[in-house]
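Undergrad: Sequence:
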Amino acid sequence: MAGLEIKYSGELFLANGQQSGFAYDFRKTVAAGSWIRPCVNQISFSDTKATLEYVSEYAFTDSDDPVPPYGGLTLRATGNSDFFFSMVLVTP
1 MAGLEIKYSG
11 ELFLANGQQS
21 GFAYDFRKTV
31 AAGSWIRPCV
41 NQISFSDTKA
51 TLEYVSEYAF
61 TDSDDPVPPY
71 GGLTLRATGN
81 SDFFFSMVLV
91 TP
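Everything in the sequence shown is counted per our numbering, starting at 1 for the first residue and increasing by one.
Since the hints were made in silico from the structure, they are not lab data. Please read these numbers as outputs of a predicted model, since none were measured by experiment. Each residue gets a CB set at the ideal place from its N, CA and C atoms; glycine is no exception. Treat the hints with caution; some may be incorrect.
Stated by the list, open to error - Pair by pair, the computed Cβ-Cβ distance ranges are:
#	residue 1	residue 2	range
1	Glu-11	Thr-48	17 to 23 Å
2	Ser-86	Thr-29	19 to 25 Å
3	Thr-91	Gly-17	33 to 39 Å
4	Val-55	Ala-32	27 to 33 Å
5	Val-55	Phe-84	15 to 21 Å
Make the full structure from the sequences, and use the hints.
TA: Okay, structure coming up:
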């Protein structure tokens, strides 16, 4: 059965030069053909040149699952940044 599941954080903060990883676990076996996608919604920055950079995107697998049941990404801040992090699971 097709579906869309979204997990999201409360407001998060990264200080200038800080790097951190964020991940969600959907706690279930994901059907073949599904995909997981991270999203960052920026709220405010310390200055006009501040950004959040995607450093890496990753997924973790459990045994022989066709699709990783959880994934995440690493962000780096160039300026103080407030943001929300979400992860979307799309099932065909």
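Undergrad: Now tell me if each hint is right for this structure.
TA: A quick look at each hint next to the structure:
1. Glu-11 - Thr-48: 17 to 23 Å: For Thr-48 against Glu-11, whose Cβ atoms are near 20 Å apart, the range 17 to 23 Å holds.
2. Ser-86 - Thr-29: 19 to 25 Å: This hint holds: roughly 21 Å between Cβ atoms.
3. Thr-91 - Gly-17: 33 to 39 Å: Given about 38 Å between the Cβ atoms, the range holds.
4. Val-55 - Ala-32: 27 to 33 Å: 29 Å Cβ-Cβ, so the 27 to 33 Å window holds.
5. Val-55 - Phe-84: 15 to 21 Å: holds (18 Å)
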